[in-house]
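Asker: Here are the chains, one letter per residue:
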Amino acid sequence: MPDQVGLELIAGQLEQQIPGGVVATTFFRERATVEIAPGAVRDVLSALRDDHGFRALMSVHGVDYYPEEPRLGVHYELLDMERVDRLTVKLRVTVAEPTIQSVTPDWPTADHQEREVYDMFGVRFEGHPDLRRILMPEDYEGHPQRRDFPVGGEPVLFTHNDATSPGWTR
Amino acid sequence: MDQVSTGSDYRAREESITISTLEEQLNSQRTGQTTELLTLNIGPHHPATHGVLRLLVTLDGEIVRDLKPIVGYVHTGIEKTAEQKAYWKVIPVVERMDYLSYYFNAMAFCGAVETLLECEVPPRAQYLRVIHLELNRIMSHLVWLGTSALDLGAISMFWYCFRERETILDLFESSSGQRMHTRYFQVGGVIEDIPRGFEAKLREFIAIMPGRADQYADLLRRNEILLRRLRGVCPLDEASLLALGVTGPLLRAAGNPWDLRKAEPYCSYGDFEFKIPVGTVGDNYDRFAVRLAEIYESVKIIEQALDGLPEGPHITEDRKVALPPRHELATSMEALIHHFKLVTEGFRVPPGEVYYAIEGPRGELGCFVRSDGSSKPARVHMRDPSFVNLQAIAAMVRDSYIADLIATLAMLDPVLGGIDR
Amino acid sequence: MALTREPIEPGSFRARQLLARDMLRGDLEGLELERHVEQSILTTTLDRAVAWGRSNALFPATFGLACCAIEMMSVVAARVDIARFGFEAFRASPRQADLLILSGRVSIKMAPVVRRIYDQMLEPKWAIAMGACSSSMGVFNNYAIVPADKFMPIDVHVPGCPPRPEALMHGILKLRKMIQDDPDMGWRERYGAEGTEETLDAAEPAGA
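Chains as they are written, first to last, in my numbering: chain A, 1 to 170; chain B, 1 to 421; chain C, 1 to 208.
One or more of the hints may lead you astray.
Unchecked claim - Facing chain C, according to a computed beta carbon distance under 10 Å, are these residues of chain B, among others: (1) Val74; (2) Ile78; (3) Ala330; (4) Ser332.
Simulated from the structure, these hints should not be mistaken for lab results. None of the values given here were measured: they were computed from a predicted structure. Here a beta-carbon is modelled for each residue, glycine too, at the ideal position from N, C-alpha and C.
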């Protein structure tokens with residue numbers, strides 16, 4: 001992991017290349033996180049790959065920060081295999097405007113993972129070659145992993161539950 | 001995906017076949033005329049898809065021109081369920097994700113929570129974890145070997161591999177009481193120390209396992225049919241694999257020795273001496289050989305862990321995280337209160353976000369945990385290796401036969417539970 | 001002297017005697033004849049023989065969904081050998097199978113597929129819900145999965161997560177006993193159904 005100083009250096013260089021890109025940095029439990037503006041995601045990831053050596057994108061996943069706004073977050077886990085460094089890039093968007101650029105043209109590994117973030121959280125990725133639901137049925141309504149989506153579930157269908165869940169045997 | 005090369009050299013390998021229809025098709029390919037493409041649906045119910053995977057293949061005769069995997073047929077909402085449960089109750093839920101490597105799922109989650117808690121895992125617990133992780137790796141590779149050989153036609157391999165698997169499951173049952181999804185790893189260590197007799201049985205197992213692996217290798221490694229089906233079939237070069245985010249034995253088969261056990265040692269893997277098997281070409285045969293060789297390396301690790309097993313507690317002594325031993329409940333009031341709080345509410349984790357990655361049998365298995373200070377996680381995400389590796393299948397099988405598609409899918413080792421979560 | 005005629009109870013010995021007399025005279029026709037033949041001793045023995053044959057020659061369909069599928073593979077493996085009972089011929093095509101072992105969690109995307117496969121199986125057919133997830137949501141009680149009883153009739157539920165191979169074997173043997181001793185099982189009698197089949201023209205499958 002880049003240590004605190006390294007993280008600040010990277011953030012500083014990113015800010016120079018992409019003004020207004022970096023929003024915050026966090027160094028927590030020996031792990032470095034850079035929070036960026038949603039519009040700058042493709043540029044930031046390319047800069048990290050070309051200039052800082054983070055050439056492997058390991059994971060793209062979404063987080064719902066409900067009730068804090070902006071609610072939807074997308075995390076990119078980057079890995080530098082030569083120096084064995086990890087860096088998390090995160091951004092936050094609101095539910096009202098959940099559109100960001102897709103990084104799939106630069107990083108083919110983000111293909112299915114961005115589809116999963118879209119499916120589960122509703123974040124739209126512009127420029128994604130094939131943005132449709134991947135885990136839920138294609139015509140499903142709602143984004144299940146948002147925190148205000150109900151967990152769902154059914155009462156267990158014991159025979160003696162026929163009194164409370166009537167009619168299931170018919 | 002322009003930067004991904006297919007690496008297919010079917011033109012060069014094509015022998016002259018006198019079936020006229022095939023020749024016509026090949027001719028038309030050479031002259032650039034379009035032939036009629038057929039879109040075929042393989043799965044989700046299919047004997048060879050290793051789970052409920054649906055593949056939409058676009059075929060030109062028997063040659064696969066394009067492939068689209070469609071997943072989600074065993075999506076269980078594990079990540080959403082995990083948000084409703086206290087941290088230690090998440091462990092059984094998360095274990096059922098990639099159902100062949102349940103210890104790894106638990107390890108990734110426990111590691112992430114331990115990082116958040118800044119909780120020390122005692123060395124005996126770490127060595128016990130390593131023993132069970134490597135046993136699970138061997139078991140996962142055995143199931144892979146059995147079912148892949150079944151796909152390729154070597155049906156008796158299935159029974160041999162499952163014979164060894166039964167011995168490993170006996171060991172799991174003796175240490176934790178369950179064959180699969182054992183809930184043995186807990187946050188802070190392992191739930192119970194190994195019983196008397198476990199070490200003896202384990203030593204018996206590691207004495208016979210290399211011999212058995214030799215037997216499997218003898219059966220398969222120089223078999224003409226297997227070689228024809230695997231050698232030189234569907235290779236993919238390292239750059240494409242890295243672009244697609246592929247890790248694990250698939251990447252090692254292409255020549256890149258990336259293994260998190262060596263690169264970012266966790267859970268005292270740095271104490272053990274073992275090699276990383278690496279392939280050269282990256283074709284199906286290398287993927288097969290790498291996994292077979294990993295079985296031997298895992299046996300070595302288990303032996304070293306067993307020889308060097310330190311004494312000590314099997315779970316952290318921090319009573320705010322781990323249950324106190326039962327005999328203390330009779331004498332100490334604090335122990336009773338801790339026990340009560342842990343069982344009813346669970347431990348609270350300070351707010352933060354952590355991504356913890358380990359080397360699973362299929363690649364990098366990462367767990368992202370976000371905690372908001374309460375006793376339930378606010379977000380659990382498992383970066384499953386099969387989910388990311390599956391993206392490579394299209395690039396691998398372009399321009400090869402359906403039979404090669406089946407063989408490549410077998411060598412890819414996808415586990416749909418992990419893909420769909 | 002008043003002649004009283006006692007009503008003859010259906011199913012009593014006198015009624016059966018009269019039916020047998022009518023059949024010998026050639027007076028029984030249609031439904032009555034069928035019913036008489038069904039109830040006669042000869043056919044019952046034949047039924048029992050057929051049930052014995054069916055129960056000892058089950059062809060399970062290869063239908064592994066999740067973790068329980070690995071334990072189902074263990075049942076086929078050497079320690080708990082399903083071939084001892086003659087059930088080792090797992091058929092890939094549902095048209096050739098008569099036992100569907102639903103091993104694993106059924107997600108909402110998969111449920112129509114499972115139903116379709118079950119409909120494609122030919123009568124007589126049975127279904128075993130293996131594991132807690134297919135019987136009753138299991139560990140995960142959430143939006144994504146469906147208990148199998150909601151969309152298809154199940155004959156035997158095997159609990160466990162995953163059930164040991166011995167437990168699954170016990171469930172299969174219980175099913176075998178059910179087929180042998182009591183062919184009019186459970187849901188068929190309750191619904192008065194013939195079974196479920198996929199028909200090409202009708203929107204609804206025949207029976208329940």
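Asker: Each hint should be assessed against the structure and marked as holding or not.
Answerer: Okay, the hints, checked on the actual structure:
Checking valine 74/B against chain C: minimum C-beta separation of about 5 Å stays under 10 Å; hint holds. The criterion of a C-beta within 10 Å of any C-beta in chain C is met by isoleucine 78/B, whose closest approach is roughly 7 Å, and the hint holds. For alanine 330/B, the suggested interface contact is broken, since its CB lies about 33 Å from the closest CB of chain C, more than 10 Å. Using the Cβ-Cβ criterion of 10 Å, the hint placing serine 332/B at the interface with chain C is not satisfied: the shortest such distance is roughly 34 Å.
Taken one by one, the earlier hints fail for this structure at numbers 3, 4, listed in ascending order.
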